[in-house]
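Protein sequences appear in the order of chains U and R.
Whatever position you read off the first sequence (first residue = 1), add 5 for the numbering used here.
Whatever position you read off the second sequence (first residue = 1), add 5 for the numbering used here.
What the hints contain is simulated information worked out from the structure, not anything from laboratory work.
Only a predicted model underlies this, so the values are computations on that prediction, with no experimental measurement involved.
Take these hints with a grain of salt, some might be off.
Since the list gives no way to pick one copy over another, a pair counts as held whenever it fits inside one copy or between any two copies.
Unchecked claim - When the alpha-carbon atoms are kept at most 25 Å apart in a straight line, the in silico SDA-like pairs for lysine to any residue are as follows:
| # | residue 1 | residue 2 |
| --- | --- | --- |
| 1 | K7 | P38 |
| 2 | K7 | L293 |
| 3 | K12 | V228 |
| 4 | K12 | G242 |
| 5 | K251 | V318 |
| 6 | K7 | T205 |
| 7 | K12 | R312 |
| 8 | K12 | F206 |
| 9 | K12 | R226 |
| 10 | K12 | T131 |
| 11 | K176 | D30 |
| 12 | K251 | E290 |
| 13 | K7 | F206 |
| 14 | K12 | D234 |
| 15 | K248 | A26 |
| 16 | K176 | W321 |
| 17 | K176 | P255 |
| 18 | K177 | P223 |
| 19 | K251 | S174 |
| 20 | K177 | D207 |
| 21 | K251 | D207 |
| 22 | K7 | P223 |
| 23 | K12 | E210 |
| 24 | K248 | G148 |
| 25 | K12 | A229 |
| 26 | K12 | G169 |
| 27 | K7 | G169 |
| 28 | K12 | T88 |
| 29 | K176 | A247 |
| 30 | K176 | M121 |
There are 2 protein chains.
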Amino acid sequence: MKKLINKTDDVLRESLLGFEAAHSDLVTVNLAPRFVARRQRKDPGKPVLISGGGAGHEPLHAGFVGHGMLDAACPGEVFTSPTPDQMMATAGAVDGGGGVLFIVKNYAGDLMNFEMAAEMIDGAETIVTNDDVAVEDSTYTQGRRGVAGTVIVEKIVGAASEAGADLASCKKLGERVNATTGSMGVALTSGTVPAAGRPTFDIGESEMEMGVGIHGEPGRRRVALASADEIAAEMVGAIAEAKALKSGEPCLLLLNGMGGTPLLELYLMFHAAKRECEARGLRIERSLVGNYCTSLDMAGCSITLTRLDDELVRLWDAPVHTAALRWGN
Amino acid sequence: MKKLINKTDDVLRESLLGFEAAHSDLVTVNLAPRFVARRQRKDPGKPVLISGGGAGHEPLHAGFVGHGMLDAACPGEVFTSPTPDQMMATAGAVDGGGGVLFIVKNYAGDLMNFEMAAEMIDGAETIVTNDDVAVEDSTYTQGRRGVAGTVIVEKIVGAASEAGADLASCKKLGERVNATTGSMGVALTSGTVPAAGRPTFDIGESEMEMGVGIHGEPGRRRVALASADEIAAEMVGAIAEAKALKSGEPCLLLLNGMGGTPLLELYLMFHAAKRECEARGLRIERSLVGNYCTSLDMAGCSITLTRLDDELVRLWDAPVHTAALRWGN
Numbered sequence: 006m007k008k009l010i011n012k013t014d015d016v017l018r019e020s021l022l023g024f025e026a027a028h029s030d031l032v033t034v035n036l037a038p039r040f041v042a043r044r045q046r047k048d049p050g051k052p053v054l055i056s057g058g059g060a061g062h063e064p065l066h067a068g069f070v071g072h073g074m075l076d077a078a079c080p081g082e083v084f085t086s087p088t089p090d091q092m093m094a095t096a097g098a099v100d101g102g103g104g105v106l107f108i109v110k111n112y113a114g115d116l117m118n119f120e121m122a123a124e125m126i127d128g129a130e131t132i133v134t135n136d137d138v139a140v141e142d143s144t145y146t147q148g149r150r151g152v153a154g155t156v157i158v159e160k161i162v163g164a165a166s167e168a169g170a171d172l173a174s175c176k177k178l179g180e181r182v183n184a185t186t187g188s189m190g191v192a193l194t195s196g197t198v199p200a201a202g203r204p205t206f207d208i209g210e211s212e213m214e215m216g217v218g219i220h221g222e223p224g225r226r227r228v229a230l231a232s233a234d235e236i237a238a239e240m241v242g243a244i245a246e247a248k249a250l251k252s253g254e255p256c257l258l259l260l261n262g263m264g265g266t267p268l269l270e271l272y273l274m275f276h277a278a279k280r281e282c283e284a285r286g287l288r289i290e291r292s293l294v295g296n297y298c299t300s301l302d303m304a305g306c307s308i309t310l311t312r313l314d315d316e317l318v319r320l321w322d323a324p325v326h327t328a329a330l331r332w333g334n
Numbered sequence: 006m007k008k009l010i011n012k013t014d015d016v017l018r019e020s021l022l023g024f025e026a027a028h029s030d031l032v033t034v035n036l037a038p039r040f041v042a043r044r045q046r047k048d049p050g051k052p053v054l055i056s057g058g059g060a061g062h063e064p065l066h067a068g069f070v071g072h073g074m075l076d077a078a079c080p081g082e083v084f085t086s087p088t089p090d091q092m093m094a095t096a097g098a099v100d101g102g103g104g105v106l107f108i109v110k111n112y113a114g115d116l117m118n119f120e121m122a123a124e125m126i127d128g129a130e131t132i133v134t135n136d137d138v139a140v141e142d143s144t145y146t147q148g149r150r151g152v153a154g155t156v157i158v159e160k161i162v163g164a165a166s167e168a169g170a171d172l173a174s175c176k177k178l179g180e181r182v183n184a185t186t187g188s189m190g191v192a193l194t195s196g197t198v199p200a201a202g203r204p205t206f207d208i209g210e211s212e213m214e215m216g217v218g219i220h221g222e223p224g225r226r227r228v229a230l231a232s233a234d235e236i237a238a239e240m241v242g243a244i245a246e247a248k249a250l251k252s253g254e255p256c257l258l259l260l261n262g263m264g265g266t267p268l269l270e271l272y273l274m275f276h277a278a279k280r281e282c283e284a285r286g287l288r289i290e291r292s293l294v295g296n297y298c299t300s301l302d303m304a305g306c307s308i309t310l311t312r313l314d315d316e317l318v319r320l321w322d323a324p325v326h327t328a329a330l331r332w333g334n
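Pulled out of the complex, with its shape left as it was, chain U reads as follows (with noise of 0.2 Å):
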């Protein structure tokens, strides 16, 4: 195992005082139990959007803490659930009177352990995300996955409890956003976990894993690497058929990587996956390239898409000031 790192226990202590400190006037960091807090507090009677999740998917959650989007995120160690002590004392933090929406991406231990939390605080409500395309059922989840989805739901819910939307309003919204988004990954190594020091599976040299999910879990198919157009048309078709998309509708198109793979191959991934979008006659009316949802150092990508509407174009436009997204004022 090659990694910039100190002792596998202090890898996530350690990132996090170092997040901590380089953005400093966005958030703040409690190591006990451990969350990300914004710096500045909402204002009171707004509902407190909480997320959480094994860390190794940085930016998400901590980097989408700030104005615009969350306002605290959990981390648990290295894909592990946080816990729901953790949680309750995260959402005790932040709650202003609002109420506390947890956004929760579906794996069977984080769900759980939300779920024990929002039952124990009074009127808590939660959002699952499942955008992940590629398998139903997987390593860690009933059902679909939930990957870089989340962060389109995260942002627009952000923008709309911004703007003074109740509890119940965002939570319908962020399900709205999560039944018309759908994602499909692809990855060409495997990240290694700091404390297990090994590739969490093993992959040819020249072999891709169509359809994987962000730790790891088993794609549709593994496959000879194919061309970036090639998985561009399996991936975007995918997506379509899946969230029965429709020639001539606006999409928002998310072409995000893994952690191992440069901007120069992420920027020739969206290009490929753009003109995908474009021939079946879907309009990308909004775009983001990047990492985002990463696994680790994964090389490899995933490619989500989102039916928008003039209302979700609105909120997605909306200003954020996070350390990983930034616009507006």
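Based on these hints, arrange chain R on the given structure of chain U.
Then chain R, alone, in the frame of chain U:
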């Protein structure tokens, strides 16, 4: 070679088209000759800042084209200098009469071609960056290499030119920032040039190249992989010595990823580097963490320190709106 590409000959063209499509609000891309320019041109009379060099270091330089930073960038093929013709066409497209300032990383090919172009353009000036303190003379360089400190030069000079500084002042400022900036890098793996099809250099499973260049040029020594703290101590020490940084001095700390290392590790390295700086009495008053000057899919990072003063802080803080760096309005 595992890359998300089509044909190796098309990598740069397709990546630039993806970049343009993703950032069409900010830039336009010209393919023949190849350059990236601001969509909204500067005021007539503003000196234009143009940088360039081989591709493979993204987001350098195209990702820094926009308000408050570069006016244009001209990318060569991967790790290959752009041509004088290309540079002259770029200058011709963006110069509004305020003169042309080339910002050039110190590599023999880049230097020769940019100087040739500058000689052909009336009044054009050149700033050469050479912030890499690791070695004197290298595979492609006489003297010290220009690396991630170039980003800081581009940001600060960009702010000055936006605020009305003339060409001579911009050049003088850039040379001052370069002189007070030092960098050093470390590689855990080699990047792979698409057209070469294999890693630039071989490195053992438990080795690192300390002081590596951004094209995989040899550094100071090939040694066993050390801890993040040890790596940070050696790199910060080397920079502090080369730049005579003294206890109590205010600095900017850039922790730059080489392309294949995930954010989890970059923030951890930032934590290590910042502590090492503080142990030496340096005051880290500004900072930046992320992939800004990369080497394809190389795993590793570099540390850059710039000695600050009130003028440099003000210019660093000035608004910037580019694909890769954005703050202020």
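Checking each numbered hint in turn, tell me which of them this model violates, lowest number first.
1, 7, 10, 11, 18, 19, 20, 21, 26, 27
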